[in-house]
Structures are given as structure tokens and as C-alpha cells.
Amino acid sequence: TGHYDRAWCVAWNPSGTLLASASGDKAVRVWGLEGDKWVCKAILEGAHQRTVRSVAWSPCGRFIATGSFDSTACVWVRKEGDYECIATLEGHENEVKAVAWAPSGHLLATCSRDKSVWVWEVEDEGEEYECVAVMQEHTQDVKHVTWHPTLEMLVSSSYDNTLKVYKEEADDWGCVATLEGHTSTVWASAFSCDGSMLASAGDDNTVRIWERGPDVQAGLAFWRGAQPGAWACSCTLSGQHARTVYSVAWSPSNLLASASADDCLRVFKEDPENSKPGERSFSLVASMPKAHTQDVNCVAWNPKTDGLLASCSDDGTVKLWRCVEQQ
Amino acid sequence: MSKQLDNAAPVVYSSSKEREYDPHAEDDEYADEIDQREIFDLIRNINDPEHPLTLEQLNVAQEAHIDVDDKNNYVKVRFTPTIPHCSMATLIGLSIRVRLLRALPSRFKVDVQVREGTHASEQAVNKQLSDKERVAAALENSHLLEVVNQCLSSKA
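Chains as they are written, first to last, in our numbering: chain P, 1 to 327; chain H, 1 to 156.
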């Protein structure tokens, strides 16, 4: 009942009871507990002609969005225990790399190798999707999109080595910041649960932490001359992974997990004694060498059960981990 | 295709001899490590996309430019395009990558790169070859896959 090809992406539903995984086998599998065993409860297939690269649950938990190399995104709804594709979002010129629901559930973002990021408005109780913005800010592939947990703010990661931040201003979506620092492709990013920090995963084998300075510069010397409200990198975690970092995720208790092509999972925690806004310090609290037998492509923390981590890999498996801090 | 060749008259090099017979080869108990020569044997007969010649005959693939660390499951292949503006460099790199992907145990991490200083767009080509998502997408493109398979097919 497992995947027949590499697993690219895992995502928990908002209540933390179901896990979806997307794969090169063109399908998404939904996993849930039966007794004390995780089993495949449903397979979402037939809608995508090529690899399903990403999967995301709507904040209400009723819908699943998928993005595929076939250049479309699909929205699925649960009907009588099974999932049915109710909308196909067409417009991207080639591979859709990621999909992400805004926390309000009213917007959906997609990105593609065609260098663009699209924002779709959710209409008719999730049955209709209208494109409200196309942002062509990156000069290369857009690998990933993610939303801020409380603000209507979107972040994209790209093959052009940058991240870009978008907001809607005066009815128009636009880029408000470009985050430069990674020396190769940025594969993904994730906001901490309170939205104060953004972590990014890079082909330069690093994880970086970014944050916005206060809107008013209240004598904060640490901001290294940055403009008030400007974004800056406040921490670079290097030397932790030997190959590309593909994914990062924050737990509800602010544990930061990273997944890499070195087959390892790592978990970091902020060091309160040596850390302050603008200059963060993180230490390694857990490490899973050879977590998988091949590249680890994605990590996701369960939103309800603290310390429960899902990962997936080129080896085709999806694994669950209970993270215990090293003393 | 009436397209002009990038390099109409490439220098042709002689092929290496077959590997010497290893008396341990048929002993199942003998731990046969993957070495430089084995990787070279996997890639030397790949066909060049524009000439009826192999990567070995064009010196694009050379045994000396292969690094193998069997214990740490690592293989690095550096190849040399025949000319610095070779538009086929990415396709050649992709063919090498696909051959190794199909032939090597999955425990291996493989890097395929243009040898330093041998191509005008060295970094761009290397970045593209190391992006597994682009490689995966390329291999789902039936036209491109056919071209790669032609490079990988052995001539009778």
C-alpha cells in the first residue's frame, strides 16, 4: 500500500489525525491510525498525468490541494471516505512545484518552473478558483511557496538563490522584500508558529533564519544598519548537513526540523541565553542519521501531538518519528 | 535535423582495453567494491548526442576524472565537453546521471559535473545537473527521455 516511486512531500491535516504524502507515482496517499497502526486510508489518483510534487490541506481540513509536474494544481474534497477531484487549476506553463493555502482558507498559492507565483481566490465554498494575481519576480524556477500563519503574507523560494515576500497592498499583490544570502537554490521555507521567524532550506547545505526588524527603530543596534521593518538573516546553520537541505518545519513548541539529501533529519532549538531578535542562536537537540536510505525530501510536524514528526524520501517511504531531546 | 554541429570535426581518441579478469569475480563471498574503473565502464560507451562516437572516444569521459568512495557511498564524475560552448553539455551530463542512476545501488550519492574550466557556462550546467527535481521532470518528458535513451543504447 506504499508509494511506487519517490515520495516528495508530506502534510498533516489541521487536526493532526491524517497525513498526506505526494509521490512520483502520480498519486497522493492519505494515512491514518487504525488501532495503533498507521495505514493507507485513501489514494488520490487519476487526476494528475505526472509526478505529484506537493500536497497541502486546507485550514478547514475538508480540501486537499495538489501540485504536479503536469503543470496543473488540483483540489480534492472528501466524499464518503474517498477523495474526489473537484477543481483543476490551469495556467502555469510547466511543472507546478508547490501549493499552499492561506491561513484564512480564502486564498491558495501555486508556483512553477515558469518562474511565476499565482494567487487564487477560493469561491463557491471551495468549488471554484479564480486567479487574482500572477507575480513574475523570480528570474528562475520557483520551488516553493508558504504563507505567514496570521498575516496575509506569502513567501516564495527559488532556483535564483533568493526568497521573495509578497503582500496585497491597495488591491494589488506585489513583492515587498527579496531575501538574499543563500549561495544556491532555495528549496523551501517555513514560518515559526507565531510568525516571528522564517526558516529557509538551501542547496548550499545551510538552513537560514530570517526576520523582520521592528517597524520603528527603537535604538536596536543589532539591526546592523537595516531599515526599520526590513528583513535580515539572523542566523545561518551551516555544517549540519553534508548535502542539499530540501525542507524545514517548525513544531508548535518551536522545534526546527530539517531534511536533507544526506539522508539525515536534524532538529534545532533556539538557545535562549545566546539569542535575541536579529541575532539568533540555535543548537542541535536531536539528530537522525540515516533516517532514510536515500534523500529526505520533506518534513512536517504534527500540529497537535508535540514532537511527532513525519518525513518522506526518495526511498519511497513515509516515516513517523517521535522526537526526544538529547540532554 | 539539418542543424549545424557544434563541433564538426572532433578529435577521436582510442578506446581502453577491456578490464582484466578478476579471479574473485565469481566468488559470491568476495566483497566486490565499486571502483573507478567500474564507473568508467558504465559511462564510457554512452553515445555522444551529435557524433557516432562514444564519450570515451571523444575524451569526454576519462577514468582519471572519476572519484569513488565506496565506503561512504559516493561517486563523482567530471566530464569534459569537446568545446567550451558545447550546447550538448547538459544532455551529456544528464545521460551520465541517468546511466548511473539505473546501474548503481540506490545507496550511492552521485554528483555529475563539467570539469573545471572546460565549459563557458560551467556553473549553470552544474547547477542544472545537480537539481534532482529538474532531472526528474526531464525524465518524465517522453521526447527528452527518448534522446537520453538513444545516448545510452549500445551499438551492436
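Keep in mind that the hints are not guaranteed to be accurate.
As the list claims (entries may be wrong) - The calculated DSS-like cross-link candidates involving lysine-lysine, where the alpha carbons are at most 30 Å apart (straight line), are:
1) P:Lys-269 to H:Lys-76
2) H:Lys-109 to P:Lys-41
3) H:Lys-71 to P:Lys-304
4) P:Lys-115 to H:Lys-71
5) P:Lys-37 to P:Lys-304
6) P:Lys-290 to H:Lys-17
7) H:Lys-17 to P:Lys-319
8) P:Lys-115 to P:Lys-79
9) P:Lys-269 to H:Lys-17
10) P:Lys-290 to H:Lys-76
11) H:Lys-71 to P:Lys-290
12) P:Lys-319 to H:Lys-71
13) P:Lys-115 to H:Lys-17
14) P:Lys-304 to P:Lys-290
15) P:Lys-79 to P:Lys-276
16) H:Lys-109 to P:Lys-167
Hints in this document: simulated from the structure, not taken from any laboratory.
Let me make sure I understand: some of the numbered hints might not hold for this structure. Which ones are they, in numerical order?
1, 2, 3, 4, 6, 7, 8, 9, 13, 15 and 16
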